[in-house]
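Protein chains: 4
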Amino acid sequence: MMIVIMKRGASVSEIGCVIREIETGGFKARPSHGARQTVIGVLGAKQTAPLEHISELPGVEKITPISTSFKLVNREFQPEATVIRVNGTSVGGEEIVVMAGPCSVESREIQIATARAVRDAGARVMRGGAFKPRTSPYSFQGLGQEGLEILREAKRETGLAIVTEVMSPELVPLVCEYADILQVGARNMQNYTLLEAVGRARKPVLLKRGMMSTVEELLLSAEYVFSNGNHQVILCERGIRTFERATRNTLDISAVPVIKQSSHLPVIVDPSHATGIRDYIPAVAKAAVAAGADGLIIEVHPAPEKALCDGEQSLFLEGFTKLMDELRPIAAAVGRRIAPARHPGGAPSG
Amino acid sequence: MMIVIMKRGASVSEIGCVIREIETGGFKARPSHGARQTVIGVLGAKQTAPLEHISELPGVEKITPISTSFKLVNREFQPEATVIRVNGTSVGGEEIVVMAGPCSVESREIQIATARAVRDAGARVMRGGAFKPRTSPYSFQGLGQEGLEILREAKRETGLAIVTEVMSPELVPLVCEYADILQVGARNMQNYTLLEAVGRARKPVLLKRGMMSTVEELLLSAEYVFSNGNHQVILCERGIRTFERATRNTLDISAVPVIKQSSHLPVIVDPSHATGIRDYIPAVAKAAVAAGADGLIIEVHPAPEKALCDGEQSLFLEGFTKLMDELRPIAAAVGRRIAPARHPGGAPSG
Amino acid sequence: MMIVIMKRGASVSEIGCVIREIETGGFKARPSHGARQTVIGVLGAKQTAPLEHISELPGVEKITPISTSFKLVNREFQPEATVIRVNGTSVGGEEIVVMAGPCSVESREIQIATARAVRDAGARVMRGGAFKPRTSPYSFQGLGQEGLEILREAKRETGLAIVTEVMSPELVPLVCEYADILQVGARNMQNYTLLEAVGRARKPVLLKRGMMSTVEELLLSAEYVFSNGNHQVILCERGIRTFERATRNTLDISAVPVIKQSSHLPVIVDPSHATGIRDYIPAVAKAAVAAGADGLIIEVHPAPEKALCDGEQSLFLEGFTKLMDELRPIAAAVGRRIAPARHPGGAPSG
Amino acid sequence: MMIVIMKRGASVSEIGCVIREIETGGFKARPSHGARQTVIGVLGAKQTAPLEHISELPGVEKITPISTSFKLVNREFQPEATVIRVNGTSVGGEEIVVMAGPCSVESREIQIATARAVRDAGARVMRGGAFKPRTSPYSFQGLGQEGLEILREAKRETGLAIVTEVMSPELVPLVCEYADILQVGARNMQNYTLLEAVGRARKPVLLKRGMMSTVEELLLSAEYVFSNGNHQVILCERGIRTFERATRNTLDISAVPVIKQSSHLPVIVDPSHATGIRDYIPAVAKAAVAAGADGLIIEVHPAPEKALCDGEQSLFLEGFTKLMDELRPIAAAVGRRIAPARHPGGAPSG
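Protein chains in written order, with numbering that gives the first Met the number 0: chain A, 0 to 349; chain B, 0 to 349; chain C, 0 to 349; chain D, 0 to 349.
These are calculated hints, taken from the structure and not from any lab test.
There's no promise every hint is true.
Lysine-lysine pairs mimicking DSSO-like chemistry, simulated, CA-CA at most 27 Å apart [said to hold, decoys possible]:
hint, chain 1, residue 1, chain 2, residue 2
1, D, 27, C, 305
2, D, 61, D, 6
3, C, 305, C, 321
4, A, 305, B, 27
5, C, 61, C, 27
6, D, 27, D, 202
7, A, 321, A, 305
8, A, 61, A, 27
9, A, 6, A, 61
10, D, 305, C, 27
11, A, 27, B, 305
12, B, 305, B, 321
Some residues of chain C that are not near chain D, with every Cβ distance over 12 Å (derived) [to be verified]:
hint, residue
13, 55
14, 59
15, 304
16, 335
17, 338
Below, a sample of chain C positions facing chain B; criterion: calculated Cβ distance under 8 Å [claimed, not checked]:
hint, residue
18, 240
19, 241
20, 242
Beta carbons are placed, not taken as given, at the ideal position from N, Cα and C, and that holds for glycine.
Whenever a hint applies, use it, and build me the whole structure from the sequences.
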C-alpha cells in the first residue's frame, strides 16, 4: 500500500483531484482527514511506479510506501498521540480514565447504585453489557435494548459516559443511540464485517484484543476501523490465552509499551478479564498504570457473589474505591492523574 | 440446563403442550427435532424441581440434567454418529471425504482446472473463498458474488459440491444459494450472531476451530448452530496457535479422538492451514486419516507460486493426486475408504 | 503428605523421637528447622491413620495433611513473609532490591565499570554469568572460574553482592565460594538434581521460572530446595513463552500477586528476559514495582551493541540510572523504597 | 561456525594436521568421525577469512559456513538418514520400533510380566524408569539402582533392549552399565551438563523434546550430544504445552515431517505423555506411524489403575496388543513394517 500525504491546507478540490487520479489508475482511494492533514491510502498499489506522477499534483506533500502491515494507526504515520473526547473527558491525554461497572446490565437498581459509587470513586465511564457474547448458548445473553435503556437512565443520574458492547453490524445503529463508546469484544476482534460497521459509525470504539491475537493483529483490526473512516479507536489489552492456569488469562503487560511505541492510539487495560480473580485485580491495575496505560476498565458489582456473570472477577464497591485511592499516587509517579474521588452528595476531594 | 427428551413418536400436540408448560414456568424452550426423537432444551433452568411435573406429561420420556457444557452435540445425548448428506456424498460415514481447491476463487479458468484435477484425484467437494476474511484491510478480500458464480459454474462442469465461507449474517441467504456447505472460518468461531444465522439456514455447516479455542469451545459453538435448529455441522481441526514457529499453526491431532469420543459430529482436518507449508501437508494429511478424521480440506492450486493467497500452503495438482493415492491404503488400514481416482476423460480406477 | 508441626521450643530429643517414630512406620522424615518452629514432612504418607499416635508425642503441636501440592513454601504454612539477608541488604522486606549487570561476565573492566555505575544508581546486587547455559553448543559459554574471579574483584571494588548462575550440581561448591546468591536458570527450573544440590548449600537461591512452567510448578521447584534444607529462596518471574512475537517472552505480571498470595517467598522480576527489547524494559520494570515485586534483575552494559550476549535487552548505564530515578516514586506510592542513588565519589542522594 | 569437511579416506595424520592448524589459529576443533567422512567443527570461528588456508591442506574437501543454528544434525550436512543399532534392532531404518513398558519400574513381577507381553505383541525395547524426575519432591522418585537391576533381569528373560532415564551427569556411568538407550527426559532437554555427559557416553541417546521447546531447540540440544562425540541420537516428540486442556499436552504431529526434512536423525513419538489419557493413545499412535515416525514409546501396565505413576496414560496389556495389530497395516501403507506378534511360547506370527 502507498499513502499520499496531502499538504496541510490542501483544498477540497486538490484532494478530489488526487482521488480521481488514483481511481483512474485502477486503484481504490481511502482518504482519511486527520487533524494535521489529509492522507489518502491507495488500496491495491504495490509499487510507486504507476503513481509517481501523483506526487507532482497540487497539494500533494509526498507519496510514501508503508512497509509495516498497519498503516493509518502507525505512530510513524502520526507521531502525536490520538486523544479521544468522550462526554467531557479525554482518553489518551494526561488523565488516566477509569471505566467501571458490572459485567452485564442486570437491573436499574444495581446499575445506578454501581454507577454512583464508581463515579464517586473517580470513574469517568460506566460499563455494562446489554448484549453479551457467551461461550454457551444457554448462558444469560443480556437484557438487550432494555439494558441500553437502563444505561441511559444511569447516565442521566450520574453523568457517567456509557461503554457497552455491540456484537453485530445490524445492532450498530441501535447501540450508537445509547452508547458513548462502542465496545468490540475480544471474540469479535477479527469479525471484519463488524469492524467495518463500527468504522462507519461516528462514535469512539473500544477494541479489545482477542485472547488469541498478537498486538500486530490488534493494530490491523484497528486499521479496519480507521480505513472505514472512524479514527476514534481505543485499544484494550485484556489478557491472552496461555498455558498458565492460576489466572483466567495472562495479562500481557508489555503490550502497553509495545502499542505505545508502534501506534498513536490510546490503550487501556482490563484487569478483571485478564486475571479472572478479584484478589489479583489491584496489583494488575497498579501495574497497568505504572506501565503507561491510558485507562482501566474494571468490573465492579455491589454484590459480586450474586452477579449474573463474572462475579468472581468483580470488585466490591468498597474495594474499587480503595483501589482508586491507591492508584492516584502511582499515576502521579508516572506524570499522570486520575479524577479525584468525591464525597457522596458533596464536592470532589483533592 | 435441562433437556426434556420426548418419546419416539410423540405427537406434535404433545410436544406443543410440553413447550407451553416450560414457557409457563418462565423458562425458554428450544425444541430440536432429531432423527430419533424430539428433544426440548429448557433454557434458564438450573434445577429440576420446578419442572418435575413435566416428566408426567404425555409423550415425555424423561427429563435429564446435562452436566457437560455442550448438550445437543454430546455423544451421550446421541450415541450414533451424525452422517451428513452433501451432493450425493456422506460426511461422517465410511467414506473419508476430501475437499480441495484454491484458497480463494481467483478466476473461472483456475477454479475449473483445479476442480477437474481434484475431482479426478478423488475429491468430492471443491473449496474456494469468494468472501475472504483478511487480517489486513488492504489484502485481497475475494471476488464476492462473482466468485460464487464461478463456483457454481465449476460445480456444473465437475459435479463437485461447493464449500465456501460466509463471513456475516446478512450474507447467509446469498451464500446459501450457491454453496452446498457453509464454512464458518476460524476467526468467526465465536461470532455468535453468525452462528445463529447459519443455525437458521438449511445447509450443512463446516465449523472451523478458532486458532486459540479449546475443543470444548468448538463444541459449544456447534451447540449454537444446533440450538438454532441446524443439526448438520461438520467440525474442522485446522491447527492452534502455540509457541512453535516451524509451522504456521500446530495441528492438534488429538482433537480428532477427543471430538470423536465426546461428540457425535463428524470432524475433518485442514493440513494446509495447520502447517502453512506445502512440504508438510502429506505427512499431516496421512496422520489425520490414521487418527480417524472423517475428511480433509486441502488447498490446491495449479500454480501456487502465483496464488493470490496462501500459495505456500497449497499443493500442486500433481502433488494432490499423489497424496490421494498414498492416502487410500491408509484409509483402508483403518477400515475406511476414499473415492477412487479416475483417469481424465475415463472411468474411475479402483 | 503429612506435616508434623512441632511446638515452639520443642527439644532436640523430642524432635528425634518423632523422626524415629515416622521412620519406624515405614515413612521418610524431612525435618525443616524454621525460624518459628521445626516442621517434619512425612514423605510417602497419604493418610493420617497410621500416624495418628504421633500427635500424642511430647513436643508435637499438630499433624496436618496439606492438600496443596506445595507445602513448605505455602503461605498457609508460614503466614509471615520470608526475608532473606544478602550482604547487608534484605530481600523480601520493605526495600525493593535491584540487581543489575551484564548478561555474562566479559572482562574485568566492563564488570567493574558496570558495577560502579549500577551501585551509584542504587543497585544492591551485581549480576553477571560466568557459566552460561546456551541453546547452541557453539555460542559463548562464559569465562568459567575466571568470570567468578572477576565478580569477586568487582565486589571488592563496589561492595555489591554477587548473583551468578550455577548450572550443575558439581559446580555448586565452587560457585558458593564466590556468589552471594546462587542463580538457578529458567532452563534448569526442573533439573531436580541441581535443585537438591542448591538445597544442600548454605547460600540464598534465586530460582527463575521456566519459560513454560506454571506458578505452581515454580513453587514445587522451590519446595525441592526447601525440602533439602535451604529455606532462602527468591523466586523470579522472567516471562513465559506464548504465541506473541512482539517480545521475546510474555511477562506474566499476575504471577507477582499470585505468588504473594500463595507463598511466603520473595519474588523479583526480570524485565530484560521478559521483553528481550531495551525500549520496553522501563515500562515493565515500573509495572513490576507497582504490582508488588520485591526486586528487579536487569541487564545493563556500558556498550550493549558490543555485548557478547543479550545486548539488545541490556540498558545503557545512563538508561539504568534514569530508570532507577523513575522507579523510586512508584516504590514510594506502594509503600516501599529503593536504595538512593549516590553521586560518583560522593554520598548517597535522597 | 565453520565446518571443515575432510575427503573420504583422509588419513589420521591429515586430520590431525588440520586440527593443529585450527587450534593454532586460536579456535577450538571438534572432530566428528562420520560413516562417510570426518568433519571438523571449528568453534568460535565467525568468518572464513583466517581459516581460508586450511582448505589448501591435504585431505580437506572444503570449508563450509553453516548458517542454520544446528550443524552436525542437519540433513544438509548428512543427507542419508542416521540408523542406530540397538540390541539387534535398527532405529531409523525400515522397521518402526516400538518401545513399551510401565512408567516406572515397580517390581520384578510387574516388569517381567509387562516385558513378556509387549515383546509378544511386537515391541523391541522395554521402558521403565528407575530414576524418576517428579514435579513434586514428595512423589515417588523411582527405585534407583534396584530398578536398574530389575530391568536387567527383565532383559535377560525377554531379550528386549532397555531404555531408561538418566537424570544427572554423575549417574551416566551407572545407567550405561544397564541401559541400551539412555533417555534424557523432557525437563532435562536443556540441561547442558547432562547433554555433554551423555555426549561422552557410548550408548544411544533418546532425547525427549521439552514441553516448552521448539523443534529447533530440540535439534540444538541434539547438537550438544553430537558435538561431544556421540552421534547416536533418537529424537522424541512427546507433546508440547498449550492452552488446550482436553489432553495433558498437545502432540505436535507436524514435528515429525519438520524433523525429517531438517535433520537426518530418527524421531519417535510418545502418545502416552502427549495425550495423558488412555483412550486417545491408539488414534495418536496411528497418526504418528502414518506421519512417518520411526518408532513409538508407549506406557503399558498390567494394572494401570494400580500403577505408581501415570496409570491413566498407560495401556492395558491387551490394549497394547490390539493396538500393535492395528498399527501393522498402517505401517505397511507407508512402506514400513512393525515386528510381528508372536504367540506366547510359540514362534512369531506373520
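Find the hints from earlier in the document that the structure breaks and name them by number, from lowest to highest.
none
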